[in-house]
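Student: Just so you know, the protein sequences line up as chains A and B, in that order. So for the first sequence, our numbering puts the first residue at -7; every next one is plus one. So for the second sequence, our numbering puts the first residue at -7; every next one is plus one.
Derived from the structure by calculation, the hints contain no laboratory data. Model, not experiment: these values are computed from the prediction. A couple of the hints might just be wrong.
Which copy? The list can't say, so a pair holds if one copy fits it or any two copies do.
[What the hints assert, rightly or not] Below, in silico cross-link-like pairs of lysine-lysine (BS3-like), each with a Cα-Cα straight-line distance of 30 Å or less: (1) Lys117 to Lys311; (2) Lys166 to Lys294; (3) Lys12 to Lys166; (4) Lys117 to Lys294; (5) Lys181 to Lys313; (6) Lys12 to Lys294; (7) Lys181 to Lys341; (8) Lys166 to Lys(-1); (9) Lys113 to Lys311; (10) Lys143 to Lys365; (11) Lys113 to Lys74; (12) Lys113 to Lys143; (13) Lys341 to Lys117; (14) Lys235 to Lys166; (15) Lys117 to Lys74; (16) Lys12 to Lys117; (17) Lys147 to Lys113; (18) Lys194 to Lys313; (19) Lys341 to Lys147; (20) Lys12 to Lys(-1); (21) Lys341 to Lys(-1); (22) Lys194 to Lys181; (23) Lys166 to Lys74; (24) Lys143 to Lys294; (25) Lys74 to Lys311.
There are 2 protein chains.
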Amino acid sequence: MSHFQFKILQAGPQQARIGKLFTPHGVVDTPAFIFCATRAAMKSLTIEQMRAANTQIILSNTYHLMLQPGADDMQRHGGLQKFTGWHGPMLTDSGGFQIFSLGQGTVADEIKGRRSLKQAKTLLKINENGALFKSYVDGREYLLTPEESIKVQRKLGADLIVVLDECTPFHVDKSYTESSMLRSHRWAKRSMDEFMSHDDGKQKLYGIVQGGIYDDLRQQSADFVNQHDFFGNAVGGSLGANKQQMYDVVAYTMNILDRTRPTHLLGIGGIEDILHGVLQGIDTFDCVHPTRIARHGGALVKPWHRDQDREHLNLRNHKYKLDQDPIEPDCPCAACNNYSRGYIHYLLKTETSLAFTLIAQHNAFFMNDFMQKIRVAISENRYMQFFAEWSTANVVDKISDQVI
Amino acid sequence: MSHFQFKILQAGPQQARIGKLFTPHGVVDTPAFIFCATRAAMKSLTIEQMRAANTQIILSNTYHLMLQPGADDMQRHGGLQKFTGWHGPMLTDSGGFQIFSLGQGTVADEIKGRRSLKQAKTLLKINENGALFKSYVDGREYLLTPEESIKVQRKLGADLIVVLDECTPFHVDKSYTESSMLRSHRWAKRSMDEFMSHDDGKQKLYGIVQGGIYDDLRQQSADFVNQHDFFGNAVGGSLGANKQQMYDVVAYTMNILDRTRPTHLLGIGGIEDILHGVLQGIDTFDCVHPTRIARHGGALVKPWHRDQDREHLNLRNHKYKLDQDPIEPDCPCAACNNYSRGYIHYLLKTETSLAFTLIAQHNAFFMNDFMQKIRVAISENRYMQFFAEWSTANVVDKISDQVI
């Protein structure tokens, strides 16, 4: 019997729902946030600190791990969970995102509709077979095919794994988006064939919906994914040029996807984005945001604690120098229990890595707490009210309320 | 009534002893190791992690704190303990060591008998009044006098504070060592006068024995310190060109010092050094060593776990790549409970700061555990046996024993 199961417990407004995702390493209450332990580590947090922050599930990136320490060494270490000391549920991606994004230099931004400076290209060739790229660790050439991605993910040993797809950039035209989508479908089928050939019940495979911003392509891709026996679905590909377009693309896609499967939104994790994603029926989110901003002094706060048009406070700001309050006075996390904004500001000024640990502790707790609040709001039939309280549009009202 | 007291509980061999050092922030069981939170932080460890490692007492450096955040801002934050979240016993040094060592570029090494490359000089002038130096933070000039050092330490608010002295380098001749010592005595008296003028019972002052490697000067300096009403004594100044000379200087000094006071050995914290220091009657030690080597991949291990002529393993070494054992298989610390040498090796290779956290967690636990083992050995009248088991001279025998 499989240890995997996805149970929908209760429906909320629109497509929102709460559920339970069972894996051999534990249960994930959904909607859930998946933290990015990119290189098999949360950089400045220990696994105990992640647990203390009520973390349910983390992911690691196949691309980095296949280069270092390498899939075979990871297998010798007993797989990701044993290696990292995180014995809870895990997900790995296919490796494709980093190959295309680091290789072409701009995909990460382009998927979100931004253009930016080019980075060094490591992607050497992409064809029907797969992607040839050069290791940033030692310059060796690697060929990542759909089969190889699954083999590597099998050795890494996460519970949830993902088919290889091409991360289609935003700036390409519809015809490229379509042919890229069709190739991703062929890769998805090859990924599944490889997966089935060695399926021992310890992992489950997610398919990915492509199609960019085009409704007819999204429909075609959703049909493909629905027709194949993936355990879960992921919404991938270009999500548009701005937030509203992303919400529209996700809403359209979610309306035509098989709703019995757990559904993941790839690489999205802002507060506002999650509020919308949940409403559109997304069950899990992942993003480097909470830990990445921590390394720049950014501490996530509730809308009514914000001091500008951002979802976080910038603790590098001089005004926090003598601030003796914790990041959030009503937050019970380890960082807010023991340290002031002024102390963290000082640590940032003196470039002390403890600053990143403390902010990341808070941000991890914040995200898990936020997702729990979402689940509770759905279960108590008041998600729309919760949405209104947390949505950025209401920040000003909220502050006024507090003053009164 | 003062919250301060030093009780000697039991005498061991030679001058060794176990005691209890009472402070307003808690009791320190001695012999004890004092950890260096140089800039009011343990760099890669949280206060909770320090507590979990059974830490009793930490110190911070007046020199760095008077420049950033500054004594007045620290006072506004409620003092070091409130600022750092460490509510246990604390010590601050006088600021002198860094001024002379960073200023002249070499004192830290020279006190231990080594010459090294010059650094940028920030010490502008030293005369009877004090030391004029330039801030490395903003280039401002500061005058550190004995009175100023005490005033700053009062604002920082540690339990135990220290008189300002000149850190006499090793390479100077006896006549310079003597005149420097005499000036340090005058500075010590001025430090004490300033201390007494505002003594509110919340802090206690340590005197420092100078005199370099010269027995007659050490005698003269010990007489000075004994004759003044310091709460505690510290052994300072140049301790010689090598370990044997250091052990001789410390042994000689400890024989002539007032033995009713808690006595601190400044800046020394190697395993072998502590074994000797305890025998010579030292009650507290401090050193950046356990946390500094952590940032270079060095994990402290018991003599019979060592693999070369060092007190630590270098986890950067390629041979740990596939090692699935923890740093020490018999260690119950948080790092050894959850992570393998191979994982930490990988984190070091990928320059992930979690590596430093994990090794520092182990090293902090290791030092506290080592000091506790010392106290237990003394209390059970078997310190000489413990000394023999832990002293480097016995490493080879120990390994042979294990093979048999």
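Student: If a hint holds in the structure, say so; if it doesn't, say that too.
Tutor: Verification of the supplied hints:
1. Lys117 to Lys311: Neither way: Lys117 and Lys311 sit 50 Å apart in one copy and 35 Å across, limit 30 Å.
2. Lys166 to Lys294: neither (39 Å within a copy, 65 Å between copies)
3. Lys12 to Lys166: Classified as neither; 37 Å inside a copy, 77 Å across copies.
4. Lys117 to Lys294: neither (45 Å within a copy, 52 Å between copies)
5. Lys181 to Lys313: neither (56 Å within a copy, 36 Å between copies)
6. Lys12 to Lys294: So Lys12 and Lys294 pass the 30 Å test inside one copy only (26 Å; across, 46 Å).
7. Lys181 to Lys341: neither (51 Å within a copy, 36 Å between copies)
8. Lys166 to Lys(-1): neither (37 Å within a copy, 82 Å between copies)
9. Lys113 to Lys311: Answer is neither: 41 Å inside a copy and 33 Å across each miss the 30 Å cutoff.
10. Lys143 to Lys365: Answer is neither; intra-copy 38 Å and inter-copy 49 Å both fail.
11. Lys113 to Lys74: Neither: 33 Å inside a copy, 49 Å across copies.
12. Lys113 to Lys143: within (25 Å within a copy, 58 Å between copies)
13. Lys341 to Lys117: Between. Shortest inter-copy distance 28 Å satisfies the 30 Å Cα cut-off; intra-copy 44 Å does not.
14. Lys235 to Lys166: within (20 Å within a copy, 75 Å between copies)
15. Lys117 to Lys74: This pair counts as neither: shortest intra-copy Cα distance 34 Å, inter-copy 57 Å.
16. Lys12 to Lys117: Neither. Shortest intra-copy (41 Å) and inter-copy (70 Å) distances fail the 30 Å Cα cut-off.
17. Lys147 to Lys113: within (27 Å within a copy, 54 Å between copies)
18. Lys194 to Lys313: Answer is between: at 26 Å across copies they meet the 30 Å cutoff, but 50 Å inside does not.
19. Lys341 to Lys147: This pair counts as between: shortest inter-copy Cα distance 21 Å, intra-copy 42 Å.
20. Lys12 to Lys(-1): within (5 Å within a copy, 59 Å between copies)
21. Lys341 to Lys(-1): neither (47 Å within a copy, 41 Å between copies)
22. Lys194 to Lys181: within (20 Å within a copy, 73 Å between copies)
23. Lys166 to Lys74: Neither, since 44 Å and 60 Å both go past 30 Å.
24. Lys143 to Lys294: neither (42 Å within a copy, 41 Å between copies)
25. Lys74 to Lys311: Intra 43 Å, inter 19 Å, cutoff 30 Å: inter-copy only.
In this structure, the hints that do not hold are numbers 1, 2, 3, 4, 5, 7, 8, 9, 10, 11, 15, 16, 21, 23, 24, in rising order.
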